[in-house]
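Visitor: What follows is the residue order along each chain.
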Amino acid sequence: TQLLEQSPQFLSIQEGENLTVYCNSSSVFSSLQWYRQEPGEGPVLLVTVVTGGEVKKLKRLTFQFGDARKDSSLHITAAQPGDTGLYLCAGGNNRLAFGKGNQVVVIP
Amino acid sequence: GAVVSQHPSWVICKSGTSVKIECRSLDFQATTMFWYRQFPKQSLMLMATSNEGSKATYEQGVEKDKFLINHASLTLSTLTVTSAHPEDSSFYICSAAGANYGYTFGSGTRLTVV
Chain A
1 TQLLEQSPQF
11 LSIQEGENLT
21 VYCNSSSVFS
31 SLQWYRQEPG
41 EGPVLLVTVV
51 TGGEVKKLKR
61 LTFQFGDARK
71 DSSLHITAAQ
81 PGDTGLYLCA
91 GGNNRLAFGK
101 GNQVVVIP
Chain B
1001 GAVVSQHPSW
1011 VICKSGTSVK
1021 IECRSLDFQA
1031 TTMFWYRQFP
1041 KQSLMLMATS
1051 NEGSKATYEQ
1061 GVEKDKFLIN
1071 HASLTLSTLT
1081 VTSAHPEDSS
1091 FYICSAAGAN
1101 YGYTFGSGTR
1111 LTVV
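Same order as they appear, the protein sequences are chains A and B.
Heads up, the final residue of the first sequence is numbered 108 in the numbering used here, and it's a clean run with no missing numbers.
Heads up, the final residue of the second sequence is numbered 1114 in the numbering used here, and it's a clean run with no missing numbers.
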């Protein structure tokens, strides 16, 4: 079983601050996906990273895939209240396994 | 983009009754569908994987006779929670995967068993 550990589990910051959350594993993944989930909704895909060392940007969100393809990070610049949500990383070959998520709260 | 519709979005049922949840891929053919369960403040736990026309593959610890999965067509999979009990109350989410699409998730079903 490929386990994904996400840290920190909970993070609360003020609007305008930057934050970084992490997704780590002892296993190598062919790709990792980041999702954001709002309460009572299904996860929504943000990005898929495939190549070791890859960096992808989605507006104020920057995703990086580790060189060894075992870990990934999500950095949010100048966080907004709308960034509040549960960020989930997921990976797997034939089926997705999810980390426990990073609960991010951005305070206005 | 790929859209997956899940119905109902919430349901309340009495203990001992059965509840069916539908998952439809609206604009693509889903060769594989996945069913997840999520408890409050926890992550998604994969329950089973279903391929169209074949029996579902259940994860360890998931009772196949309790959680019946049918994937009769390339656009529809159903999960039936049989003889539901309060401990089955949870948020159930489906995901569909097609040839040219990644994983697309439904909006989830909140099941409350009273």
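Where hints are given, some of them may not hold.
What the hints assert, rightly or not - Beta-carbon label-pair distances, calculated as ranges:
hint: 1; chain 1: B; residue 1: SER1009; chain 2: A; residue 2: GLY82; range: 16 to 26 Å
hint: 2; chain 1: B; residue 1: GLN1029; chain 2: A; residue 2: VAL55; range: 25 to 35 Å
hint: 3; chain 1: B; residue 1: SER1018; chain 2: A; residue 2: LYS57; range: 26 to 36 Å
hint: 4; chain 1: A; residue 1: GLN80; chain 2: B; residue 2: THR1017; range: 40 to 50 Å
hint: 5; chain 1: B; residue 1: GLY1053; chain 2: A; residue 2: SER27; range: 26 to 36 Å
hint: 6; chain 1: B; residue 1: GLN1060; chain 2: A; residue 2: GLU15; range: 20 to 30 Å
hint: 7; chain 1: A; residue 1: ARG95; chain 2: B; residue 2: GLY1053; range: 13 to 23 Å
hint: 8; chain 1: A; residue 1: LYS59; chain 2: B; residue 2: TRP1010; range: 23 to 33 Å
hint: 9; chain 1: B; residue 1: LYS1064; chain 2: A; residue 2: PRO81; range: 25 to 35 Å
hint: 10; chain 1: A; residue 1: LEU3; chain 2: B; residue 2: ASN1051; range: 21 to 31 Å
Calculated directly from the structure, the hints in this document are not laboratory data.
The model shown is predicted, which means the values in this text are computed figures rather than measured ones.
Think of the CB as a built atom: it goes at the ideal place given N, C-alpha and C, for glycine as much as any other residue.
Visitor: Confirm or reject each hint.
Guide: Outcome of the hint check:
Distance hint for B/SER1009 and A/GLY82: a CB-CB separation of about 22 Å, consistent with the stated range 16 to 26 Å. At about 33 Å, the beta-carbon gap between B/GLN1029 and A/VAL55 stays in the expected band of 25 to 35 Å. Look at B/SER1018 against A/LYS57: about 47 Å separates their beta carbons, and that is not inside 26 to 36 Å. At about 44 Å, the CB distance of A/GLN80 to B/THR1017 agrees with the hint of 40 to 50 Å.
The given range of 26 to 36 Å is respected by B/GLY1053 and A/SER27, whose C-beta atoms sit roughly 31 Å from each other. A hinted range of 20 to 30 Å for the beta carbons of B/GLN1060 and A/GLU15 is inconsistent with their spacing of about 43 Å. Range check, A/ARG95 to B/GLY1053: about 18 Å between beta-carbon atoms, so the 13 to 23 Å window is met. Under the hint 23 to 33 Å, the C-beta atoms of A/LYS59 and B/TRP1010, about 32 Å apart, fit the expected range.
Our hint of 25 to 35 Å for B/LYS1064 and A/PRO81 is violated, since their Cβ atoms are close to 43 Å apart. For the pair A/LEU3 and B/ASN1051, the beta carbons lie near 25 Å from each other, so the given range of 21 to 31 Å is met.
Hint check: violations occur at hints 3, 6 and 9; the rest are consistent with the structure.
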